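**Q** If you read the sequences in order, they're chains A and B.
Under my numbering, the first residue of the first sequence carries the number 1, and numbering increases by one thereafter.
Under my numbering, the first residue of the second sequence carries the number 1, and numbering increases by one thereafter.
Hints in this document: simulated from the structure, not taken from any laboratory.
Source: prediction; values computed, not measured.
Fair warning: there could be bad hints in the mix.
[As the list claims (entries may be wrong)] Chain A is faced by these chain B residues, among others (derived, beta-carbon under 8 Å):
# : residue
1 : 4
2 : 55
3 : 57
4 : 59
5 : 70
6 : 74
7 : 97
8 : 99
9 : 101
[As the list claims (entries may be wrong)] Interface residues of chain A toward chain B, partial, derived using beta-carbon atoms under 10 Å:
#  : residue
10 : 47
11 : 137
12 : 177
[Claimed, not checked] Lysine-lysine pairs mimicking DSSO-like chemistry, simulated, CA-CA at most 27 Å apart:
#  : chain 1 : residue 1 : chain 2 : residue 2
13 : B       : 59        : B       : 8
14 : B       : 68        : B       : 78
15 : B       : 90        : B       : 8
16 : B       : 78        : A       : 342
17 : B       : 78        : B       : 2
18 : B       : 8         : A       : 434
19 : B       : 78        : B       : 59
20 : B       : 59        : A       : 101
21 : B       : 59        : B       : 76
22 : B       : 2         : B       : 90
23 : B       : 76        : A       : 342
24 : B       : 89        : B       : 2
Built from N, CA and C at the ideal position, the CB exists for glycine as well.
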Amino acid sequence: MHLESDVLVIGAGGAGMYAALEAARAGASVILADRSLIGRGGATVMAQMTVAVALGEQTPDSWEYHLADTLAAGRGLCNESLSAMLCQDGPARIREMDAWKVGWAREGDHIAQIHAPGHDRARCVYVDVLSTGPAVSRTLRTQLNLASGIRRIGDLAIVDIVVRDGRACGAVAVHLSTGETVTLAAKSVIIATGGLTRLYRRNSASFNMGGDGYALALRAGAELIDMEFVQFFPIGHLAPRLVGMDPIMWDPFRYKLGGKLLNGELQEFEEDYATLDARSDGKYVLTRDRATYAISKEVEAGRGSPAGGAWLSFQHVPDAELRRAFGPVIDRLAANGIDLTKQLVEVAPIAHYHMGGVRVDECMQSTIPGLYACGEAIGGANGANRLSGNAITEAFVFGARAGQAAAKNALSASSHWSDAAAAPTVDLLRSAEKRDTPNLAVAVTDLQALMADKVGPFRTEEKLGEAIVEIDRMASELGAAPPSSGMSFDPLLIDWLDLRNMLQVAKAVAVPALARKESRGAHQRDDHPGLEEAWTLNQIITLNGGEIALERASISKKASA
Amino acid sequence: MKATLQIKRGTPDTAPHVETFEVDFEAGQSILDGLRAVRHNADPTLAFRFACINANACKECMMLIDDKIDYACTVKLKEGVTMLAPLPKKALVRDLVTEIAPPNERLHGRG
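With the hints as extra help, turn the sequences into a complete structure.
**A** Here is the structure:
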């Protein structure tokens with residue numbers, strides 16, 4: 001099947017849906033494709049609570065204060081133009097979502113804003129304790145229903161961007177529920193596929209977040225930036241098995257009620273690792289990166305909890321106070337057999353967000369004309385470490401910007417589509433055949449373990465070197481042609497296509513991590529502790545003859561907005 | 001503990017058949033955990049839908065569990081037999097996967 005549109009948006013999370021809405025508003029015809037269902041997969045729907053925006057509703061504020069906090073969190077690596085755009089455009093987008101009845105929580109006559117770690121004041125809006133993401137997704141889905149000119153297609157997995165004469169002209173996809181190959185001609189293509197947290201054993205995001213967009217961009221010839229910076233969330237839920245909840249749900253509990261972290265010997269250990277941090281807000285003993293460090297080191301020293309993390313205790317908090325703070329959540333915990341007044345839970349650092357991504361200009365265009373990116377899929381706005389609450393804001397802001405720019409480009413261009421340029425990927429899909437293959441679901445798990453153990457929050461030259469060798473071995477074992485079990489919704493084909501992307505992206509993380517001989521933000525090298533001023537630069541990744549190539553670039557300082 | 005999953009499999013073009021898998025589990029694990037274990041340990045061709053894994057946010061893993069419509073991510077594995085089947089009133093795609101997207105979000109079958 002062949003489809004045509006002005007703009008193709010890949011990924012229907014917060015950024016992709018916003019991009020589609022803005023492109024359609026600008027008069028472009030849009031196809032919004034997702035490998036899952038529209039507005040269901042991805043990270044947005046999982047988002048738990050806070051959205052950072054300088055509304056000044058709770059307390060006087062300005063986008064410049066938000067920018068200062070964003071730059072400080074980014075440890076010197078932010079692209080200041082992108083960071084400024086995030087903070088400056090944020091209020092308009094959040095108010096637009098408010099007009100669309102997302103239901104931001106209110107306090108009296110104003111939108112409620114809370115003070116989250118790393119911010120200098122109360123700045124984060126939310127819907128309720130656990131439902132901000134679902135409310136955001138629902139609101140954007142409703143707007144898509146009301147808009148005209150947007151064709152939404154779920155179960156459509158994009159396999160490659162098609163590039164002709166150095167210009168993006170569409171994509172090749174596989175329609176999962178029928179297995180058919182679909183070619184899509186588009187004058188502008190927007191990557192809105194989110195991050196790469198599925199590369200890690202423990203993660204807070206969805207099955208779909210294997211870094212598809214980074215692999216698509218690389219193979220299209222685009223540049224990636226800051227790929228070594230993967231953010232780990234220190235107290236992701238580990239045990240007992242908890243279903244129906246976001247694994248990062250303990251954060252507001254710990255924040256509001258002061259949950260205590262204990263090691264395997266039931267001793268508090270945070271103080272042992274506490275360092276003076278000028279930006280600490282006093283409620284957390286340790287910032288996120290230090291807490292991740294402390295838990296990991298306790299586990300390494302043989303003082304972990306049974307499942308390999310730390311204990312989190314609320315036993316000092318009276319039942320009534322727990323219920324007052326988190327009423328409905330306490331019931332959901334009870335359904336999982338968890339009573340916080342009587343037991344401890346286990347937590348561990350989990351992969352949460354990716355700071356790196358597609359390198360874009362201020363119009364969200366990549367280094368390939370006609371190819372745009374937005375949301376978590378881009379790199380630069382958050383530098384070496386993301387400030388809490390910036391993820392949903394950037395999804396809206398960069399999504400809207402990408403949609404506008406992609407529409408403008410499409411409405412002034414003619415189609416560049418070429419069957420010949422699409423042929424290699426069409427042939428790849430056609431080459432899928434029934435054959436014996438190692439269990440690729442196991443290979444995915446192996447890669448996740450490798451990344452967690454060797455390319456996790458704490459890195460060494462030795463571990464990173466081993467990881468790169470193993471990634472190369474797995475890639476050669478994967479082979480050049482996908483297996484097939486025939487029929488529709490083929491799990492073997494999906495695993496193979498996923499692994500093809502995941503292995504490429506894993507290497508795109510490991511290679512710059514090996515090169516960066518310092519510790520900064522989310523990139524911590526045990527063999528190179530401490531920040532090195534000489535490393536205040538960005539690393540750029542491209543694909544050159546099928547191999548990952550690395551270059552350096554100086555920081556983009558000046559906001560020209 | 002061991003759970004026995006009796007899974008109704010097939011496609012629109014083939015007669016449905018039931019296959020039985022045994023999975024080891026720990027208290028608290030979900031049906032979705034069990035299905036992922038089956039793919040991992042026994043049969044990687046088993047098809048089922050999910051995106052968010054266990055947050056019950058994506059709502060994609062809905063299926064018939066012991067003759068009741070429910071989410072695979074929230075129903076827990078139990079000792080003994082659990083019967084799994086695709087949603088009865090949705091078009092079958094493969095195994096436990098059905099066509100659950102609204103018609104105007106599909107490639108085919110648009111109104």
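**Q** If a hint holds in the structure, say so; if it does not, say that too.
**A** Hints versus structure:
Interface hint at residue 4 (chain B): violated, since its Cβ lies 19 Å from the closest Cβ of chain A, which is beyond the 8 Å cut-off. Here the hint on residue 55 (chain B) is kept, as its CB sits about 5 Å from the closest CB of chain A, short of 8 Å. This hint holds: residue 57 (chain B) has a C-beta 5 Å from the nearest C-beta of chain A, less than the 8 Å allowed. For the restraint placing residue 59 (chain B) at the interface with chain A, the shortest Cβ-Cβ distance is roughly 7 Å, inside the 8 Å limit, so the hint holds.
The restraint placing residue 70 (chain B) at the interface with chain A is violated, with a minimum CB-CB distance near 11 Å, outside the 8 Å limit. Annotation: residue 74 (chain B) was flagged as interfacial toward chain A, and the flag holds, the nearest CB pair being 5 Å apart, inside 8 Å. At a threshold of 8 Å, the smallest CB-CB gap from residue 97 (chain B) to chain A is about 5 Å, leaving the interface hint in force. Evaluation of the residue 99 (chain B) hint against chain A yields a held restraint, the C-beta minimum of about 6 Å falling below 8 Å.
Because the smallest distance between the Cβ of residue 101 (chain B) and any Cβ of chain A comes to about 5 Å, under 8 Å, the interface hint for this residue holds. A cut of 10 Å between beta carbons decides the hint on residue 47 (chain A): the least distance to chain B is about 9 Å, and the hint holds. Here the hint on residue 137 (chain A) is kept, as its CB sits about 8 Å from the closest CB of chain B, short of 10 Å. Taking 10 Å as the C-beta contact cut-off toward chain B, the hint placing residue 177 (chain A) at the interface holds, the least distance being around 5 Å.
Simply put, residue 59 (chain B) and residue 8 (chain B) have alpha-carbon atoms about 21 Å apart, close enough for the 27 Å limit, and the pair holds. For the hint pairing residue 68 (chain B) with residue 78 (chain B), the CA-to-CA distance comes to about 15 Å; that is within 27 Å, so the pair holds. Simply put, residue 90 (chain B) and residue 8 (chain B) have alpha-carbon atoms about 15 Å apart, close enough for the 27 Å limit, and the pair holds. Distance check on the hinted pair: residue 78 (chain B) and residue 342 (chain A) sit about 24 Å apart at the alpha-carbon level, within 27 Å; holds.
About 8 Å separates the Cα atoms of residue 78 (chain B) and residue 2 (chain B), which keeps this hinted pair within 27 Å; it holds. For the hint pairing residue 8 (chain B) with residue 434 (chain A), the CA-to-CA distance comes to about 23 Å; that is within 27 Å, so the pair holds. Of the pairs offered as hints, the one joining residue 78 (chain B) and residue 59 (chain B) holds, with about 22 Å between alpha carbons and a cut-off of 27 Å not exceeded. Distance restraint check for residue 59 (chain B) and residue 101 (chain A): the Cα-Cα separation of roughly 22 Å lies within the 27 Å cut-off, and the hinted pair is therefore satisfied.
Between the alpha carbons of residue 59 (chain B) and residue 76 (chain B) the distance comes to roughly 16 Å, so the proposed pair stays at or under 27 Å and holds. This hinted pair does not check out: residue 2 (chain B) and residue 90 (chain B) have alpha carbons roughly 31 Å apart, beyond 27 Å. Note on residue 76 (chain B) and residue 342 (chain A): the hinted pairing holds, with a Cα-Cα distance of about 22 Å set against a maximum of 27 Å. The hinted pair formed by residue 89 (chain B) and residue 2 (chain B) fails the criterion: a straight-line CA distance of about 31 Å is larger than 27 Å.
In this structure, the earlier hints numbered 1, 5, 22, 24 are contradicted, and the remaining ones agree with it.
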